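Engineer: Listed here are the chains, written in short residue letters.
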Amino acid sequence: MANLLEMRDVHTFIGEYHILQGVNFTAPKGQVSVLLGRNGAGKTTTLKTIMGLHPAKSGAVLFEGQPIEKLPTHKIAKSGLGYVPEDQGIFSTLTVEENIRVAMLDQSDATAKRVDYVLTLFPDLKKFWKKDGGNLSGGQKQMLSMARAFVQDSRLLLIDEPSKGLAPVVIGTVIEAIHELKKQSTIVLVEQNFRMASIVGDTFTLIDDGRTVHTGEMGYLVENEEMKRKYLGIG
Amino acid sequence: MELLINLFVNGLSTGMLIFLLAAGLTLIFGLMSVLNFAHGGLFVWGAFSAVWVYATTGSFMLSILGAVVTGVVLGFVTEKIIITPVYGNHVQQILITLGFMLVLTEMIKVVFGPNQLAAKVPPYLDGSWEVGDVILIKYRMFIILIGFAVFGVIQFILKRTKVGLIVRAGVLNKEMVQALGINIKQVFLFTFIAGAALASLGGALMAPYSGVVYAEMGLEFGILAFIVVVIGGMGSLPGSLLAAILVGLAGSFMAYYVPALSLAVNMILMALVLIFRPQGLFAAKG
Chain A
1 MANLLEMRDV HTFIGEYHIL QGVNFTAPKG QVSVLLGRNG AGKTTTLKTI
51 MGLHPAKSGA VLFEGQPIEK LPTHKIAKSG LGYVPEDQGI FSTLTVEENI
101 RVAMLDQSDA TAKRVDYVLT LFPDLKKFWK KDGGNLSGGQ KQMLSMARAF
151 VQDSRLLLID EPSKGLAPVV IGTVIEAIHE LKKQSTIVLV EQNFRMASIV
201 GDTFTLIDDG RTVHTGEMGY LVENEEMKRK YLGIG
Chain B
1 MELLINLFVN GLSTGMLIFL LAAGLTLIFG LMSVLNFAHG GLFVWGAFSA
51 VWVYATTGSF MLSILGAVVT GVVLGFVTEK IIITPVYGNH VQQILITLGF
101 MLVLTEMIKV VFGPNQLAAK VPPYLDGSWE VGDVILIKYR MFIILIGFAV
151 FGVIQFILKR TKVGLIVRAG VLNKEMVQAL GINIKQVFLF TFIAGAALAS
201 LGGALMAPYS GVVYAEMGLE FGILAFIVVV IGGMGSLPGS LLAAILVGLA
251 GSFMAYYVPA LSLAVNMILM ALVLIFRPQG LFAAKG
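Protein chains in written order, with full-length UniProt numbering: chain A, 1 to 235; chain B, 1 to 286.
Source of the hints: derived by calculation from the structure; they are not laboratory data.
Keep in mind it's a predicted model, so treat the numbers as computed, not measured.
Some hints here could point you the wrong way.
Here are the simulated SDA-like pairs of lysine to any residue, each with C-alpha atoms no more than 25 angstroms apart in a straight line [stated by the list, open to error]:
hint : chain 1 : residue 1 : chain 2 : residue 2
1    : B       : 185       : A       : 130
2    : A       : 78        : B       : 190
3    : A       : 75        : B       : 107
4    : B       : 185       : A       : 101
5    : A       : 75        : B       : 87
6    : B       : 174       : A       : 31
7    : A       : 126       : B       : 264
8    : B       : 174       : A       : 13
9    : A       : 75        : B       : 161
10   : A       : 130       : B       : 87
The following residues of chain B were derived to be distant from chain A, with all beta-carbon distances above 10 angstroms [what the hints assert, rightly or not]:
hint : residue
11   : 2
12   : 12
13   : 60
14   : 114
15   : 124
16   : 125
17   : 141
18   : 179
19   : 181
20   : 183
21   : 190
22   : 275
Beta carbons: idealized from backbone N, C-alpha and C, even for Gly.
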């Protein structure tokens with residue numbers, strides 16, 4: 001299967017700190033690839049490096065075979081990557097409608113169709129269309145953030161810890177949404193909740209101390225208690 | 001009663017001039033997180049440009065246009081040369097913009113000479129209207145009108161246009177705006193130029209109001225604008241309008257009733273806000 005995204009020996013510094021010290025990662029087209037690791041392993045930094053928010057110092061990031069590691073963030077986003085940050089990045093005093101409109105880079109029929117699609121997928125957004133983003137519940141904010149990333153015509157969605165701080169029943173809704181979005185986009189997911197990761201993920205990449213240590217099919221990790229204990233502290 | 005109305009009109013018109021200066025400053029800080037101490041320099045260049053154009057052409061409208069063009073050009077140059085290298089570093093911003101403020105002030109003396117220049121109100125805005133016992137000075141009413149009109153136009157742009165939506169989003173979360181495919185640097189430049197043009201417009205309108213223009217007036221009004229931005233809340237345009245009116249009215253009433261406190265009243269207002277509502281009256285929520 002063709003890889004939509006590929007990272008080759010990526011090193012990233014934040015200030016003087018050497019956070020990513022050799023990340024290798026691939027996201028096959030049409031799949032959900034999950035980045036796993038302990039707190040502080042470098043998962044969020046990996047997503048931010050892909051988006052150019054913490055640019056790579058060395059190594060290569062290829063999207064659809066083209067290098068993007070030197071591009072500014074807005075050009076990376078425009079090339080077809082959508083980003084759902086850990087804190088959801090909702091514009092709190094903008095309404096749901098305005099949050100979506102910021103992400104609409106044009107007025108084309110295709111964009112309008114994508115808006116219709118996310119409103120069907122997340123009916124709560126339609127219900128609270130004129131409500132400020134800051135007044136939504138945690139789950140609704142997550143929906144809005146995912147909807148916004150999709151609306152900008154993203155062929156690859158980078159989603160950072162979508163289950164964080166959500167009630168179990170809401171996590172179920174997020175899982176359903178990811179299954180649905182997977183039909184339209186390739187997804188890279190950072191997730192601490194292993195149960196959720198194992199349900200939605202097709203492949204996994206384990207990151208430890210800023211390095212890729214294992215990669216493979218999700219089923220392999222689910223069965224491998226030693227690996228889960230060593231790198232995730234579970235099992 | 002007529003005294004109170006006159007003090008009110010005086011305060012309101014002064015407040016509107018301060019608002020024009022503070023409006024750009026609050027957007028520049030709110031969106032770009034830039035502490036621009038050179039903003040008063042753009043104001044004074046607007047004032048001198050307007051006086052020069054008016055003396056040369058005799059057209060008040062051209063003098064306003066000339067000031068705005070000066071603001072646009074200076075805003076572009078300032079953002080590209082002075083501000084761009086210091087994004088994200090407040091200490092460097094303070095030092096370099098304070099230095100640039102001095103340069104702008106001294107350049108006024110080089111270009112227009114060291115002396116203050118007289119500024120005239122155009123004949124059609126000179127004089128006053130009498131409404132009963134109340135005398136309304138035409139030029140002050142004109143400034144109030146322009147102030148509210150500018151507020152209305154900026155609010156329209158911010159609330160009803162895509163670029164305004166992006167600016168409002170950028171004030172809340174710059175990183176996310178970029179991640180949505182928007183070139184935030186272009187938005188920064190647009191905002192800075194708009195802010196500079198507003199400052200220059202304020203200077204152009206201030207010139208006939210005060211009757212003279214002098215190189216150091218930028219520093220004086222720049223400090224007032226900072227006080228207004230702090231009181232109103234960083235990044236909030238309605239906050240700046242309300243705070244500018246408060247500062248203008250407080251100055252006007254105190255100058256009449258308690259002259260000894262007329263200069264201190266702004267500082268007292270700012271101190272009260274910092275103690276009881278440090279985020280300002282209408283801080284933009286992040």
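Engineer: Enumerate the violated hints, using their earlier numbering and listing them in ascending order.
Structural biologist: Numbers 1, 3, 6, 7, 10, 18, 19, 20 - these are the hints that the structure violates, sorted from lowest upward.
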